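Novice: Sequence:
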Amino acid sequence: MTPKRKRIWDKTGGKCWYCGNDLPEKGWHADHVEPVIRVTELARKNPDCPDQAWKPEREREDNKVPACSKCNLYKSTHSVEEFRELLQRQVELARKASVNFRNAERFGLITVNGVKVTFYFETMESSHG
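Quick note: the sequence shown uses our numbering, first residue 3, plus one each step.
Keep in mind the hints are simulated off the structure, nothing from the lab.
Because the structure is a prediction, the values reported are computed rather than measured.
Where hints are given, some of them may not hold.
[Claimed, not checked] Here are the simulated distance ranges between beta carbons:
no., residue 1, residue 2, range
1, GLN92, ARG7, 22 to 32 Å
2, GLU27, THR120, 19 to 29 Å
3, ARG62, LEU88, 33 to 43 Å
Using N, Cα and C, we set each Cβ at its ideal position, and we do this for glycine too.
Whenever a hint applies, use it, and build me the whole structure from the sequences.
Specialist: Here it is in structure tokens:
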């Protein structure tokens, strides 16, 4: 692991910034907390985009946190609050789109608890001061 990646990893002691799961030594992502949209993402949205990153000033080590691939890929180019809202909507979306979810819920196999999404880094902050 490069020294830079090690510093990012050490921000959580090798846990995902968002879900708190243990990260593998290889295969974890350095996520931009404040998103950087790369040219390929801009091009998908606008074929006339310039060949540069949007908000390139966010390409800094202090804007990077360790994340598992599942969280980072799902977060995509969302802000932390947009990511939270996206996760919070999953029960509603599953209920609307999946008869399997509705049946599992109806027969008590799934219990929706209404818990609000709290990210791992937020629990770290509250336990350290």
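Novice: Could you work out which earlier hints the structure fails to respect and list their numbers in ascending sequence?
Specialist: Violated hint (a single one): 3; every other hint is consistent with the structure.
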